[in-house]
Amino acid sequence: MSSDPHQYVISGLGGEVFENTEVKVSHCYQCGKCSAGCPLSEEMDYPPSMIMRMLQTGNPELEEKVLRSFSIWVCLTCEMCYARCPMSIDIPKMMDFLREKAIEEKKANPKAKQIISFHKSFLDSVKYTGKMYEIGFYADYKTRTLKILDDMLLVPPMIKRGKLSIIPELIKDRSGIASIFRKTIKKNKT
Amino acid sequence: MAKIGVFICHCGENISATVDCAKVAEVVGKYDGVAISLDYKYMCSDPGQNLIKKAIVEKGLTGVVVASCSPRMHEPTFRKACAEAGLNPYMCEMANLREHCSWVHEKGEATTQKAIDLVRTIVEKVKHNQSLDAIKVPVTKTALVIGGGIAGIQASLDIANSGHKVILIEKDPSIGGHMSQLSETFPTLDCSQCILTPRMVEVAQHPNITLYTYAELESIDGFIGNFKVKIRKKAKSIDEKICTGCGLCTTKCPNKKNPSEFNEGLGNRTAIYVPFPQAVPNKPVIDKALCTYYTKGKCKICEKFCPAHAIRFDQEDEIIEVPVGAIVLATGFAVKKTDFFPEYGYGRHPDIITGLQFERLASASGPTLGEIRRPSDGKIPETIVFVACAGSRDEAKGIPYCSKICCMYTAKHAMLYQHKVHGGKSYVFYMDIRAGGKMYDEFVRRAIEEDGVNYIRGRVSRVYEKNGKLIVKGADTLLGAMPVEIEADMVVLATAGVANEGAEELAQKLHVSYDPYHFFAEAHPKLKPVETNTAGIFLAGACQAPRDIPESVAMASGAAAKVAGLFSQDELTREPLIAVVNRQAPPVFSSCVGCFLCMSACPYHAIEKEEIKNRQGEVLKTVAKVNPGLCQGCGTCVAFCRTKSIDIQGYTHEEVYSEVMALLND
Amino acid sequence: MTLGFYPGCSLKGSSREYAESVLAVVKAFNIQIQEIDDWNCCGATAAHSLNKELSLALPARVLSLAEKQGLKEIVVPCAACYARLSMTQHELLKNPELKTRIAEINNLEYNGTVSILNVIQMLDRYVTPNLESRVVKPFGHKVACYYGCYLVRPHEILNFDRVEEPLSMDTLMAKTGATPIDWAFKTECCGASLSISRTSSVGRLSGKIVGDASDRGAEAIIVACPMCQSNLDMRRKEINSYLGKRIDIPVLYITQAIGLAIGLDRKALGLQRHFVKVKV
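Protein chains in written order, with the working numbering: chain P, 1 to 190; chain Y, 1 to 666; chain Z, 1 to 280.
It should be emphasised that the hints constitute simulated quantities derived from the structure, not laboratory data. Hints may contain errors.
What the hints assert, rightly or not - Output of the computed footprint for chain P on chain Y, the stretches with three or more beta carbons under 8 Å from beta carbons of chain P:
| id | stretch |
| --- | --- |
| 1 | 391 to 404 |
| 2 | 445 to 459 |
| 3 | 477 to 487 |
Claimed, not checked - Example chain P residues on the side facing chain Z (calculated, C-beta under 8 Å, incomplete):
| id | residue |
| --- | --- |
| 4 | P39 |
| 5 | L40 |
| 6 | R144 |
| 7 | L170 |
| 8 | I177 |
Just so we're clear, the structure is a prediction, and the values are computed from it rather than from any experiment. Every residue, glycine too, gets a C-beta built ideally from N, C-alpha and C.
Put together the whole structure using the sequences plus the hints.
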């Protein structure tokens with residue numbers, strides 16, 4: 001690799017985080033400001049600063065817990081932590097990486113099934129229509145999660161208000177979109 | 001014919017472990033002009049020095065080369081030894097075999113060869129060296145102290161008490177600085193004013209101290225022992241000699257609603273004002289930017305009422321010029337205001353205040369007479385939150401350093417709150433408690449254990465107002481970063497200590513280095529903590545970095561000792577390593593053609609024009625001349641001179657060329 | 001010059017009244033506007049949660065198309081799309097290797113020449129100078145301007161308004177005759193993409209926002225993001241059950257509020273499509 005003696009070396013997941021996102025976990029001094037401002041931290045199993053701490057240890061067991069955590073899925077990427085971090089640590093970027101990695105290693109938290117299904121149904125819709133076709137997406141999502149009844153009460157009023165299109169508006173260059181998906185996310189079957 | 005002595009030092013094993021010292025001595029000994037060449041284990045030891053002295057006397061040496069460590073280490077040692085044996089010290093040079101050779105190379109023939117080369121170049125240089133005499137300059141035994149806070153006060157008193165004159169200038173109307181604003185002081189809780197005001201009075205009364213308040217440094221010229229400073233005495237619009245300090249004017253001034261600097265904006269002052277009751281001097285000044293007469297052209301009520309007729313609306317700034325021998329910089333620091341914090345409301349909430357504002361609330365001389373009352377409605381806060389590291393240790397806000405004093409004053413604030421508001425609840429959000437100092441940690445523990453202050457480890461993410469309460473959102477990182485939300489009545493931010501506004505400009509004026517945060521830089525972080533890199537200018541207190549009172553006072557006394565040391569001599573000796581413009585026999589007089597490019601290039605304004613006249617007084621030629629008092633030997637003029645008419649003594653063209661040629665003509 | 005228009009998926013579906021009101025206001029001020037032809041979804045949270053390259057490729061395709069279609073400036077009314085497009089532009093211009101890689105994936109050249117405007121920037125540039133003179137029915141209500149996340153964060157990249165307590169919408173609304181209130185939840189997250197997958201969270205997060213606006217006397221909440229609008233509006237049942245009381249403050253897009261103030265037809269602004277009845 002690089003011969004720069006000052007390059008950031010940390011093994012394990014923290015090292016991977018750095019290689020993929022330039023986020024140095026050692027840069028965090030555990031002030032907890034991210035956790036204090038995170039709107040979801042009380043729903044997390046480990047608040048953001050704890051995730052940072054677990055990665056700092058380099059302990060494989062704790063790293064495993066990070067990948068299997070619910071935190072990384074309930075994170076909304078609202079960017080509040082990053083905006084207020086005194087060390088300018090891009091936690092949202094790190095969370096993206098951890099999510100991708102958790103899926104890749106099939107370690108996603110079971111509680112996150114609905115969230116992940118949402119993302120996958122969303123992307124499926126984009127893959128096939130180029131856009132987010134809401135009815136198709138809802139149907140797909142509901143099949144994935146079997147949460148058939150949730151939100152069904154919203155559908156008639158939405159249709160009444162003209163908020164749902166029955167027929168998808170298809171993109172013209174569908175093969176182009178399909179090719180983008182093939183070249184990027186193909187490893188992770190959606 | 002040159003007779004050079006070469007002395008190769010082993011430096012224990014530092015050099016001899018990789019360089020074959022005996023071989024170096026042997027090879028160099030065969031060079032032209034080398035009268036003696038030998039090696040020894042420790043050349044800097046007494047026996048080592050005696051070898052050199054003996055050789056000078058016995059062999060009649062004309063020059064000496066010591067091949068050992070860096071000249072920064074031992075050049076003074078060896079030059080002194082040479083002088084003692086009767087050789088001009090500037091005929092002694094060093095070849096650096098340690099830092100430049102043995103420490104950076106492996107053992108081997110090439111290393112020894114490099115050592116030989118290094119010695120040879122210096123031998124050739126010394127052959128061309130000339131005897132030089134140290135420059136003597138007189139010392140003006142008056143010190144200028146800039147800044148009248150506790151550091152400036154202490155430095156002034158210490159210098160004055162050692163028998164020297166001091167001019168103390170302070171930009172505000174009174175001396176006292178931040179310390180005069182403080183309520184109690186950690187870790188003893190003694191009243192700040194009570195311990196400070198006697199010192200302030202002592203300054204005013206000291207026969208050796210001339211105090212100029214409302215005064216600033218205008219410009220500076222000269223060098224150590226011989227500075228010339230211009231001081232701007234801002235117009236106070238008062239005849240100080242006549243004013244009795246009765247204060248009637250300040251009660252009559254109709255312009256009353258100006259935020260008081262002394263009370264950190266928590267109280268008001270009039271346009272003609274004395275900043276606080278114990279001010280020194282206790283005489284008012286008119287703030288021209290606020291006074292109705294100066295801004296709108298009429299009022300003059302103070303003049304009407306002044307029983308002593310001391311008001312002078314036509315007074316103008318006065319510039320005075322004084323010679324001083326040394327300068328102590330004690331300009332202090334500032335704290336960030338609450339508007340620096342987007343997440344804490346950009347300074348819009350009156351009940352979110354700075355630590356310095358809390359000092360005013362807690363002080364008996366403050367706007368609430370020492371009661372802790374919140375600025376918005378005067379209520380006594382039942383719940384108070386202190387936020388440590390507000391802006392400090394915050395790279396994102398451009399202040400990565402620790403402000404050092406906040407941990408202690410925050411503990412003190414929480415303690416004072418608990419003492420004054422019985423049954424009140426106080427919280428301190430902190431990241432680390434930095435309480436290194438005598439009785440400091442014990443003090444913090446007392447706040448926690450005896451006064452019941454709740455310390456929560458975590459930074460505060462946001463503060464906002466709701467229903468008259470301030471909602472403080474933090475996390476307890478010792479409880480797994482559990483979110484903590486406190487409904488507070490008042491929030492005190494321990495805002496970062498920063499350099500004073502104008503610090504950068506002042507540093508540039510004085511040619512003093514400063515760090516990226518505009519704190520003045522000490523000459524060496526450990527061994528020269530009160531010196532600057534400009535000789536004769538010293539540092540005291542928080543203008544160098546955030547400092548507490550004991551440290552500021554210690555620094556001030558240190559700087560004063562340096563000044564007193566300087567003033568203990570009548571003359572200063574300076575190295576003669578300065579520029580000279582050559583002189584030749586008539587009719588040339590000098591190869592200088594008088595283009596004076598050097599004059600504009602010289603950063604020290606050390607080059608003057610000299611007229612060469614005949615006996616009738618007619619000017620034959622105008623050439624450059626270097627003022628030896630001002631020249632710092634930087635060599636800029638040498639590089640600029642198109643006719644190579646300027647040389648730096650000790651590093652003349654001839655000397656440097658012979659060094660280079662020795663290397664090339666191997 | 002013709003302004004490019006990237007509606008994004010929401011504005012074609014559940015938030016079509018946002019598109020309607022943007023286009024109505026744009027038309028009222030004679031601004032030339034042209035929808036980017038054959039645009040695709042920006043990928044939203046789903047893409048960047050699952051695959052970094054996909055999350056860059058999708059917005060890059062949109063930007064490439066805009067370039068190809070000769071557009072210099074595009075308005076992106078959806079705050080989330082605006083942030084995704086801006087972040088993509090930032091990442092790709094910072095990293096030439098990545099730019100090449102994404103161009104390969106998309107089979108489309110990308111140069112980064114298009115400037116990306118959010119709806120407020122667009123209004124400020126083309127509407128604000130003439131706004132006050134056009135107001136016929138001052139929007140005489142106390143309003144809580146709600147910015148959400150993606151108009152202002154990540155601030156280093158978007159560099160729009162100030163990161164905490166932004167003011168641009170408030171200034172704009174004041175010009176329509178409204179009284180913007182000072183409140184605490186301007187940039188707190190509404191729950192965004194968890195709307196469907198974790199509705200309980202959205203009830204709590206959006207509940208705090210609506211609750212604070214209501215406590216401080218707001219008569220309308222003004223937004224510039226379809227996700228914020230649909231969470232605060234369509235999820236009002238969950239919000240009210242979280243708050244334990246009934247709050248019926250409507251949630252208007254800024255373009256709807258401006259449209260009302262300059263006297264545009266309520267239907268043309270899509271106000272009938274809201275769940276919480278717009279009585280203002």
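Structure-based check of all given hints:
no. : hint       : in the structure
1   : 391 to 404 : holds (count 5)
2   : 445 to 459 : holds (count 3)
3   : 477 to 487 : holds (count 6)
4   : P39        : holds, 5 Å
5   : L40        : holds, 7 Å
6   : R144       : violated, 10 Å
7   : L170       : violated, 10 Å
8   : I177       : holds, 6 Å
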